[in-house]
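Number of protein chains: 2
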Amino acid sequence: MPVRSGKRTISIIGRVGIVSSAGVAGHKEGEGPLASYFDSVYSDDMLGQKSWEKAESRLQTNAAQEALRKAGLQPYDIDVIFAGDLLNQCISSTFGLRSLEIPYLGQYGACSTMAQTMLMAALFVDSGACNRAMAVTSSHFCSAERQFRLPIEYGGQRTPTAQWTVTGAGAAVIDDSGNGCIIKDVTIGKITDYKIKDANNMGAAMAPAAADTILNYMIDTNTKPYDYDLILTGDLGFIGSELLIKILQREGMDISMVHNDCGKMIFDRERQDVHGGGSGCGCCGSVFCSYIMQQLNSHKLKNILFVATGALMSPTSSQQGESIPGIAHLLHIVS
Amino acid sequence: MPVRSGKRTISIIGRVGIVSSAGVAGHKEGEGPLASYFDSVYSDDMLGQKSWEKAESRLQTNAAQEALRKAGLQPYDIDVIFAGDLLNQCISSTFGLRSLEIPYLGQYGACSTMAQTMLMAALFVDSGACNRAMAVTSSHFCSAERQFRLPIEYGGQRTPTAQWTVTGAGAAVIDDSGNGCIIKDVTIGKITDYKIKDANNMGAAMAPAAADTILNYMIDTNTKPYDYDLILTGDLGFIGSELLIKILQREGMDISMVHNDCGKMIFDRERQDVHGGGSGCGCCGSVFCSYIMQQLNSHKLKNILFVATGALMSPTSSQQGESIPGIAHLLHIVS
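Going line by line, the protein sequences match chains A and B. Going by my numbering, the residue at position 239 of the first sequence is 246; the numbering climbs one at a time, nothing skipped. Going by my numbering, the residue at position 315 of the second sequence is 322; the numbering climbs one at a time, nothing skipped.
Among the hints, a few may not be true.
Claimed, not checked - SDA-like cross-link-like pairs, simulated, lysine to any residue; straight-line CA separation at most 20 Å:
(1) B:LYS57 with A:GLY135
(2) A:LYS231 with A:LYS253
(3) A:LYS202 with B:LYS57
(4) A:LYS14 with B:ARG105
(5) A:LYS191 with A:ARG22
(6) B:LYS77 with B:GLN302
(7) A:LYS253 with A:LEU237
(8) B:LYS77 with B:ILE189
(9) B:LYS57 with A:SER325
(10) A:LYS77 with A:TYR298
(11) B:LYS231 with B:GLY259
(12) B:LYS57 with A:TYR298
(13) B:LYS14 with A:GLY135
(14) B:LYS191 with B:ASN304
(15) B:LYS14 with A:ASP183
(16) B:LYS35 with B:GLY163
(17) B:LYS307 with B:SER43
(18) A:LYS191 with B:GLY259
(19) A:LYS57 with B:ILE189
(20) A:LYS14 with B:GLN81
As the list claims (entries may be wrong) - Derived coverage of chain A by chain B (criterion: at least 3 residues anywhere in the stretch with Cβ under 8 Å from a Cβ of chain B; other residues may be distant):
(21) 52 to 62
(22) 116 to 129
(23) 171 to 180
(24) 191 to 203
(25) 319 to 330
No lab work stands behind these hints, which were simulated from the structure alone. What you are looking at is a predicted structure, and each value in this text was computed from that prediction instead of being measured. Glycine is no exception: its CB is placed at the ideal position from the N, C-alpha and C atoms.
The task is simple: from the sequences and hints, build the whole structure.
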């Protein structure tokens, strides 16, 4: 049964754990440093589908089915599924998970979705509202690029701060069997707006939200950055990560020695020409559900904060002169 | 603390209630049968803003502030806000609720959002994850029409089955003080697909989802339609409502004498030329949070099921030949 700890943080009292997870990725991600950790890498980014949107749905289907398979479960063993993505009206999730026939609660947290869906699943399980839940998200470079920016065929020059939307998906199965790594606390993010307007500099738009959530978590739990093996954000990329470290330094908090970011980890900056790093729901979705979960399960990581960040904008809001508000949700996970 | 009752239904054990709510609406809705029940009716559908999208955000701001005012609360009295809407990347909610600075969990349930956000709020409060939560949603005829269908200026002929997106918003404050009408049970919907492809016949696409959720709720709770004063769906409109009654009749269940639908109630079918009736998150948002809540608070209604339905499609999914899956979430509410 969850209990509020301080102003913003909720402690999970039962032994609620991530019993299984799967991260799948596209061919560019499969040429990056984490290639060997993904559960599947697809050489064909269409995944045999007729559109990029359908391909992205298939990423979710495959990640969800692989997570179920690894746990020895069937879809009917799951009481509720939390999922979301970047596409208009979250269609990757609807069409990707439709065939599973699991009660469904669609989430919208932009690139923070992996953390948002996992914190929902953890709270539902801990409260008794369900016995077992799933969290799923995805993104696809081609479906995101044409929806948020420009037609792929246009071949536009990317600005130096632009991030590369990851083609990938993550899925996690959460229950209170006591197995797997345990979710101890969650902190729900606030919409945080530093009035950044450059849709090609998402890291800068999201860093203040990550700083706000991390600061509030540390206050609520009376802990310090070096109490953790890793403070993993996603997806601030190279520029947003630097900014996060600077914002927190101004607040008297140094996370530099324990911080990493999924958007920095998934691509090789020198070799893969991704400018600001990776982004998209599928970035921390695939990185957390494969590499990070494997590090936790093998106890190479024992005590981490996972802080996924999202930029809550649309092309329409940017065209109408709006700034890009960010949000960041946090989970404290121990192995 | 929530407890599972049967396969799909979750019973809320504490006295979790809707302590305050507000429904606001545009000028056309203000000429309909429910005009006198809305907390505000705006003669200017732009609400003094520069775009329809910003006007829709303002609907959420106003509904949320009015619900807080009626409860004598400030934004910092709310631990978490659940909100969503129909616009791409749910920007009405982000920009409408940004200034409140309340921890935020974005929801996407299309027109089922009022029920989805309220069931989330109720479960979070009952579990102890928060003390007080809000549920908010909106829609706007003009922002929806140009995003989902055609430019308003085009003046296209509407098909006879088309529904009219409501300009309106609803907001509800939920806590466990024991005040207000009480949320007893919730049933989470499944993605239900009867392969309807006509984006101008949403009622038909959503009726099977409503039938599935109602049937499962009745099985889980061992109750019958006539145990309730009202089974209120939203927003099936005229065509979807008839279809729902027929689908349930085939399953041996007659709801015809206790059924009504927010999409049927909000407009005058003869006088207002709305074809299939009202639709949009703001339809059941505004109707439930004003008229229905007033009927509950004055004990004219004592025991109802509120079953909001959503169509989980986008223009892109329809253009790519996909069908329109529906979903329906249910709350059992007593006064």
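Numbers of the earlier hints that this structure fails to satisfy, in rising order:
1, 12, 18, 19 and 23
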